[in-house]
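Use these hints to put chain X onto chain E, whose structure you have.
The residues making up each chain are set out below.
2 protein chains.
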Amino acid sequence: MKPKPSARKNDLVSRIGEFGLIERILSKFAIRDKRSVLVGPGDDAAVIACGEGLRLVLTTDMLVEGTHFRLEWSCPEAVGFKAVTANMSDVAAMGGAPVGIVVSLGIPASIPTRAVDMLYRGISGALSKLGGEMLGGDTVRSERITVSVAAIGTLAGERPLLRRGARAGDEVCVTGSLGRAEMGLLLLERFAGRKDKSRGSAMRAWAARRITDLKGRIPSSVRGDGYACLRKHLIPEPRMRDAVLLARQGKNAPSAMMDVSDGLSSDLRQIAVASAVGMRVYEDRIPIHPSAAGVAGYLGVSAARAALSSGEEYELLFTVAPSRLRDLMRAMSRADAAPLTVIGEVTGSVAGLRPGTVSLVSAGGRRSELTHRGFRHF
Amino acid sequence: MKPKPSARKNDLVSRIGEFGLIERILSKFAIRDKRSVLVGPGDDAAVIACGEGLRLVLTTDMLVEGTHFRLEWSCPEAVGFKAVTANMSDVAAMGGAPVGIVVSLGIPASIPTRAVDMLYRGISGALSKLGGEMLGGDTVRSERITVSVAAIGTLAGERPLLRRGARAGDEVCVTGSLGRAEMGLLLLERFAGRKDKSRGSAMRAWAARRITDLKGRIPSSVRGDGYACLRKHLIPEPRMRDAVLLARQGKNAPSAMMDVSDGLSSDLRQIAVASAVGMRVYEDRIPIHPSAAGVAGYLGVSAARAALSSGEEYELLFTVAPSRLRDLMRAMSRADAAPLTVIGEVTGSVAGLRPGTVSLVSAGGRRSELTHRGFRHF
Chain E
1 MKPKPSARKN
11 DLVSRIGEFG
21 LIERILSKFA
31 IRDKRSVLVG
41 PGDDAAVIAC
51 GEGLRLVLTT
61 DMLVEGTHFR
71 LEWSCPEAVG
81 FKAVTANMSD
91 VAAMGGAPVG
101 IVVSLGIPAS
111 IPTRAVDMLY
121 RGISGALSKL
131 GGEMLGGDTV
141 RSERITVSVA
151 AIGTLAGERP
161 LLRRGARAGD
171 EVCVTGSLGR
181 AEMGLLLLER
191 FAGRKDKSRG
201 SAMRAWAARR
211 ITDLKGRIPS
221 SVRGDGYACL
231 RKHLIPEPRM
241 RDAVLLARQG
251 KNAPSAMMDV
261 SDGLSSDLRQ
271 IAVASAVGMR
281 VYEDRIPIHP
291 SAAGVAGYLG
301 VSAARAALSS
311 GEEYELLFTV
321 APSRLRDLMR
331 AMSRADAAPL
341 TVIGEVTGSV
351 AGLRPGTVSL
361 VSAGGRRSEL
371 THRGFRHF
Chain X
1 MKPKPSARKN
11 DLVSRIGEFG
21 LIERILSKFA
31 IRDKRSVLVG
41 PGDDAAVIAC
51 GEGLRLVLTT
61 DMLVEGTHFR
71 LEWSCPEAVG
81 FKAVTANMSD
91 VAAMGGAPVG
101 IVVSLGIPAS
111 IPTRAVDMLY
121 RGISGALSKL
131 GGEMLGGDTV
141 RSERITVSVA
151 AIGTLAGERP
161 LLRRGARAGD
171 EVCVTGSLGR
181 AEMGLLLLER
191 FAGRKDKSRG
201 SAMRAWAARR
211 ITDLKGRIPS
221 SVRGDGYACL
231 RKHLIPEPRM
241 RDAVLLARQG
251 KNAPSAMMDV
261 SDGLSSDLRQ
271 IAVASAVGMR
281 VYEDRIPIHP
291 SAAGVAGYLG
301 VSAARAALSS
311 GEEYELLFTV
321 APSRLRDLMR
331 AMSRADAAPL
341 TVIGEVTGSV
351 AGLRPGTVSL
361 VSAGGRRSEL
371 THRGFRHF
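Quick note, the sequences are listed as chains E and X, same order. Residues in the first sequence are numbered from 1 upward in steps of one, following the working numbering. Residues in the second sequence are numbered from 1 upward in steps of one, following the working numbering.
Treat the hints as calculated values from the structure; they're not laboratory data. Treat the hints with care, as some may be off.
[Stated by the list, open to error] Taking lysine-lysine pairs in the DSS-like style, the calculated list, with each CA pair at most 27 Å apart, reads:
no., chain 1, residue 1, chain 2, residue 2
1, X, K215, X, K197
2, E, K129, X, K34
3, X, K215, X, K129
4, X, K28, E, K129
5, E, K129, E, K215
6, E, K215, E, K195
7, X, K129, E, K34
8, X, K129, E, K28
9, X, K195, X, K215
Pulled out of the complex, with its shape left as it was, chain E reads as follows (with noise of 0.2 Å):
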C-alpha cells in the first residue's frame, strides 16, 4: 500500500534515517561552479580549486552531549581533543594536511569556566599534534554542550582520493588495527557509574574530571588493556601523516580512501555504493588491536564482531590496484608508516546481488552479506 501524500509529509526522519536524510539533503543541492568544486557534498570533506594548482579540503563534523559524549563518561580536555580529530580525520581521508579550525561552541550559562578551559585544552593539544591553527569561532547559549568544528586543508598529492574510484580486482586495506574505540566505550557503559542526580553537579564533575581519572574505573585485572581502549575512545588520533604519504605515491596511491569513523562494516558498504562495485572481506584477516582483544575477552564479547562495527577508530581504509600494492606497501613500510593489512578484495557486480554489497567470509569459508553495523545517527 502507498502512503497517502499528507502521510508522506509528516514523516519524521527516524524514519528515513541518517543516510536516506544524508541522500534527501544532497538531491536539493547542485554545484554550479564545476570548475572551482572539484569534490561537493557526500564525500569525507569537499575539495575546491583556488587558483594556482592549489585545492583545498574543507569539512565539518559536530558533536552533542547525549549523542556523542556523556557528562558522565567524559571529560572537557576529551570532547575538544575528538572534535578536531573529527574534522582532522576527514581532511586525511581526502589525502589532505590540515591548514586550521574554526569552532561553535554551544554551552550553558551554568557551565564551569574550568570546564570551557579545559575543552579549549585538547582542542589545542589535538591542533599541536594533528597539524593546524586555531583560526575563529563562535560561543553562544545551549542547553546541552555542543561542539561544531569545521576544518581546511590543503590536498596533498595530485588528486583528492574519493569513495568512488575503488575497481573490480583493486585489494582492500586498512591501516593499524582495529576494535579498541568500541571497547573503550564498552567498558565505560559497564563500569563509569551512575548518572549525577543533578545537572549542575554532573557538568561539576565533568569540569573537574581529567581523562587519567576515568582509568580508576576499569577493572585492575583488565587496566593496561582497559585504559589503552579508553584512551583510544576518548582521545582518538587520526593518521594525519600516512594519508599525505599515501596521498603522495603518484600512480601507486590508493583508487578509493575514506576513514573508519562510523565502523569497518558500514565504511566498507559506502566505498562500495559509491564505486558501485562489491567487496570480499575475509574475517580473519581484518587486524583487531590486541588491547581491544584482551578487553573482548574479559567482557566475554567478540572482539572480531567489535572490529567490523567500532565507530571514530580513524583509521584509513582504501583500495589500490594489485599491481601497485607491493611498491606502496614498501614505500609506506620505508617511510615508517602505520601497518597496513589486505582485508580483502572489491569485486564486479555480482549477478543477483545489488551494487554495494559487501560479502563477509568467515575463517571457515562461509559467506554472509556484511549489514550495516556501524552507528546510526536516525
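This is chain X only, laid out in the frame that chain E set:
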C-alpha cells in the same frame, strides 16, 4: 577581597559573560604560522594567505533553538536562511566575497522530514541570493535544533578590513538603516501566541509554517511596517555586494569595518576597543528604518533606542579617513550601493576615559557613555 583560588575554579561562565569568555579562549591560542594566518581569531572572520596572492576568509556561526530562535516564532526556512546570512555577513565584513559553506545540523529524531527539507530550502535560497556553494556537512542527533555553518570566501580588495584600523579623526559610517530586526522580534514576542503544549506538536507546527504565515499574527493596523520588520528579523540579507565594493576602493577603502550583528552600540564599542580609540556618535544622525519607526510608534517604544540595540541587522559599520569620505561616498553611490550615513567620528583616547569609550550625543547636545546594550549570550 580577592576570591580564593578554589572559588575562582568554580566560577561559572555566566559570571564572566560572553566577551570575558571569548577573551579567555583567545588567550589560550597563539598563531604559529604568522606568515600564512593574516588574521586570526577575534575579528569577524579569519584571513589566510594561500599562495599567489589568494587570501581566504573563514568564519563560523551557530544558531541554537531556544537561544537564537523559538519554534513558536519561526519557521524552518527562515532558520536555514539566517544561519547562512550570519556567516556570509562575517565574510562580507572582512571585505570578502563568498565561496561556499559547510553545515552541521543537529536535529531530534522526532523531527518531521518536511522541517529538514524546508530548512535546507532556506539554506539554498540564501546561497542563491548571497552567493556561494553548498560544500558539505554533518547531520547528528540533538535534543534541540542546532544549525552550525562555516563559510569560506576570498578577499576582494588589497587588504582585509579589520576592526582595529580606526584612527582618531576618522568618520564613523553605517550602510542602510537600523531597527527593523529588533522590532520584528518584539512583534513576535507580543503577538506570536502561546507555546504549544507538547514538543511534538510544536515541531509539527514549526515544520508546516512558512514565513508568510507569521504575517497574520501582526495586528492589521501595523501589518505593512510589521511585516517589513518581521522579514528583516527572519530572513535578513547582508550587504555582500556593498562590502566587496567598499573593499575595492583602494586608498579610499574603510580604515576599519565590521557587521552590525550584536547591535550598533555593542559593535561601535568593538571597533573602538580593537582600535584603542574613542568614538563620538550623534543620536539624531543614526538612520532609523521607517518601518522600524512605524512599529516602534505602534508599540510605544523608542525607535532611536532600537536602532542602537537592534542586533542581526547585518548592515556594515565602518570608519574612513575624512579626506577619503567624499570620494568613497561618490563611488558607492555611482555603483548603486546602499545609502551611507556618517553617524559620528573617531576620537583619540580622551583624558579620563578608557580607550574604547563611545559617547552618544543627544539631539539636545547632552553626552552620555554608550553602554553595551546589544545581545549578550551569557
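Structure-based check of all given hints:
Among the hinted pairs, K215(X) with K197(X) is consistent with the structure: their alpha-carbon atoms are about 22 Å apart, no more than 27 Å. The straight-line distance between the Cα atoms of K129(E) and K34(X) is roughly 19 Å, inside the 27 Å bound, and the hint therefore holds. Using a Cα cut-off of 27 Å, the hinted pair K215(X) and K129(X) holds, with the two alpha carbons roughly 22 Å apart. Of the supplied pair hints, the one linking K28(X) and K129(E) holds, its CA atoms being roughly 16 Å apart against a limit of 27 Å.
For the given pair, K129(E) sits about 22 Å from K215(E) by alpha-carbon distance, which is consistent with the 27 Å threshold. For the suggested pair K215(E) and K195(E), the alpha carbons sit about 18 Å apart, so the restraint of at most 27 Å is met. The straight-line distance between the Cα atoms of K129(X) and K34(E) is roughly 19 Å, inside the 27 Å bound, and the hint therefore holds. Among the hinted pairs, K129(X) with K28(E) is consistent with the structure: their alpha-carbon atoms are about 16 Å apart, no more than 27 Å.
For a cut-off of 27 Å, the pair hint linking K195(X) to K215(X) stands: about 18 Å separates their Cα positions.
Hint check: no violations occur; every hint is consistent with the structure.
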